[in-house]
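Residue numbers (my numbering), protein chains in the order written: chain A, 1 to 398; chain B, 1 to 293.
No lab work stands behind these hints: they were computed from the structure.
Watch out, some of these pointers could steer you wrong.
As the list claims (entries may be wrong) - The calculated lysine-lysine pairs, modelled on BS3-like cross-linking and capped at a C-alpha distance of 30 Å, are: (1) B:Lys-14 <-> A:Lys-6; (2) A:Lys-216 <-> B:Lys-14; (3) B:Lys-167 <-> B:Lys-290; (4) A:Lys-45 <-> B:Lys-8; (5) A:Lys-124 <-> A:Lys-139.
Stated by the list, open to error - Derived DEER-like restraints, expressed as beta-carbon distance ranges: (6) A:Ile-339 <-> B:Lys-5: 54 to 64 Å; (7) B:Lys-13 <-> A:Ile-339: 22 to 32 Å; (8) B:Ser-233 <-> A:Pro-281: 55 to 65 Å; (9) B:Pro-228 <-> A:Gly-364: 43 to 53 Å.
To be verified - Simulated coverage check for chain B against chain A, where a stretch passes if three residues somewhere in it have a Cβ under 8 Å from a Cβ of chain A: (10) 179 to 186; (11) 230 to 236.
All residues carry an ideal CB built from backbone N, CA and C; glycine is no exception.
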Amino acid sequence: MRRTRKIIEKIVEGIFALSGAITSITVLLIIVFLFQEGLSIFNQKPVEENSILAVHPNNPVSKLSGLQIKDIFDQKITNWKELGGNNDTIKLFRLDEAGSLFNEEQMGSNFERLPHCIDSYLVKTPGILLFFNNRYISKDFRGKKIEIENVNPYSFLLGKQWFPTAQPVAQLGVLPLILGTIWVTLGAILFALPFGLATAIFMAEIANHRIRNILKPVVELLAGIPSVVYGFFGLIIIVPAVQKVFNLPVGESGLAGSIVLGIMALPTIITISEDALRTTPRALKEASLALGATHWQTIRRVVLPFASSGITAGIILGIGRAIGETMAVLMVTGNAAVIPHSYFEPLRTIPATIAAELGEAAYGGLHFKALFALGCILFIMTFIVNLVFQFIAKKKKY
Amino acid sequence: MTTDKAHKILKRKKLSQSIAFSIFALITAVVVLILLGILYFIFVRGFPALSWKFLTTMPTDGMTDGGIYPAIIGTFCLIGGSMLFAFPIGVLSGIYLNEYLLDGKLKNFINMMTNNLAGVPSIVFGLFGMALFVNKLKFGDSILAGSLTLGLLALPVIIRTTEEALKSVDDAFRIASYALGASKLQTIRKVVLPIAFPNILTGLILSIGRVSGETAPILFTVAAYFLPKLPHSIYDQVMALPYHLYVICTSGTNIEASRKMAYGTALVLILIVLISNILAGIIRNYYHKKNKI
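So here's chain A without its partners, still in its complex pose (with noise of 0.2 Å):
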């Protein structure tokens, strides 16, 4: 009897402690998945998988970056020579441009002699870049494969564009999100932190009972109010304001998403500063006043000093909310991939991005891949805020 009673109670141990690993083994599957796929980028192309790029077999060039690529798409790049090749100027080839070279008898009624066509017109043309299915490859085909470079870190970080679905080379330059979610989110801590401090401050020193527990859960309710709710508010209270009042174009803007994310930011400072601010021993305060500090002096010189850990682990709490914050953001900044320049023009943050573009990214390829190197970098900046929130808070107690 004893000893059943004993095994079950090892059982149930069991059970709890490994209810206990749920949290520590869910963030490591999320690293696992994440980075599974997103890591994946960095093996790939950035181009279509049945894409071919090819070059007269006396071209020189061998390997072009995806950004070269773009450039000679965009006629930046018009003569060979800028990349190393001979005095030619560059001829473009693409599928959809066979129509106008070859008459249908050329190329047959079922396109079955086109890649004898593009063959041919390749070996007479000697500044010839083709872009082309390998669908149309002929089997004794004489021009020269383009090597691509695959995506790597370096552009994928510092890249300044982000048009992951753009023909024939896919740019993936997520700086321009970095930078957005970075003005946002300082944006919006700019807007919160004096607010949230002082509330905080009148919430611990200053206002009765009475009135801090009507405060208190008016402040929950702000951090209870759904993140789409705050959006919609955003988007017909505040984009129309910012608009006006700043006579701009439009009013998506960075200054709407820092505002509104601003508004969501306050319940987290608040509420860390405001227990932060609690904990100053009454000994302290006590002590300044016998000294003849008026309660002012005592908040300013006395509690304010001692709790300053704790607030700074709020304001790091609130910057890591303000980076990960989707939806709101989303609908109020107006979400153009573009490096900001000022919080008057639109711009686009890694979570609204990855949550407007997912949805279309198709399963697996590049444009999918590259939102999960987003959703990396998105986890590795907030992981980091979460650690020296931890160890801020951590070094308050001692």
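Using the hints, position chain B against chain A.
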């Protein structure tokens, strides 16, 4: 120092204090006004849209008319599903952390992981849910996948509140129970849990409020753009209130015409949060009063 000078200094100190305090009071008032403003705005404009028909009929005319019945049902399915998964595991995990695990490296590690999970952005949960539940485990876009994703998101909140609730149980109860010869499990089951239960319940209700409003995690795991029928199994897609609101105010067929529906949907969402907050408050108060006697 003459008394006159001392008097002046005192006066200046008093003045700077009252100026500072008025500024703080003013800013606090602004913060409260912002919140009340948001609530007032949604209530006043949403209330006319609210009707029995709005709550119980399917959306019609390209979501510019009719109701939000399937979205409400969908959201309740997701709340139920996620809590069914997260509540037991979260409570068990909280019990383990507070009752079994001694302070040390392992506890620090688990606490750190729980805090980190709480800080993971909701869109990352969405990505993860899509990669694991929808694609790897082949649940597809379904209530199951969405509920599990939302459940993981709610876990840290439930674990934290359970831990706090258990911490607030006086050790005297535990010691008394052991003294009567009860085992650890019996003590937890018969003594600690009943005392802590109301507070644990508060955590459950608050996390329901949070789960009901989350949009990003369900975007790619369950939410349907327009699906005017009710789900039949856990492998079905559903509409959900927050996603519905997002859709009709950004990408609906006729954004202006569906404004009224948007206000109504926002109001229903806020009401769910409001009711769960009030309910949690009532339980907490009731419990405090009972404990005082």
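Right, here's what the structure says about each hint:
1. B:Lys-14 <-> A:Lys-6: 68 Å, violated
2. A:Lys-216 <-> B:Lys-14: 28 Å, holds
3. B:Lys-167 <-> B:Lys-290: 18 Å, holds
4. A:Lys-45 <-> B:Lys-8: 76 Å, violated
5. A:Lys-124 <-> A:Lys-139: 18 Å, holds
6. A:Ile-339 <-> B:Lys-5: 54 to 64 Å: Holds, at about 59 Å.
7. B:Lys-13 <-> A:Ile-339: 22 to 32 Å: 50 Å, violated
8. B:Ser-233 <-> A:Pro-281: 55 to 65 Å: 58 Å, holds
9. B:Pro-228 <-> A:Gly-364: 43 to 53 Å: 31 Å Cβ-Cβ, so the 43 to 53 Å window is violated.
10. 179 to 186: holds (count 3)
11. 230 to 236: That given contact is violated, which follows from only 0 residues of the segment 230 to 236 of chain B lying within Cβ reach (below 8 Å) of chain A.
Figure legend: structure checked against the earlier numbered hints; hints not met, in rising order: 1, 4, 7, 9, 11.
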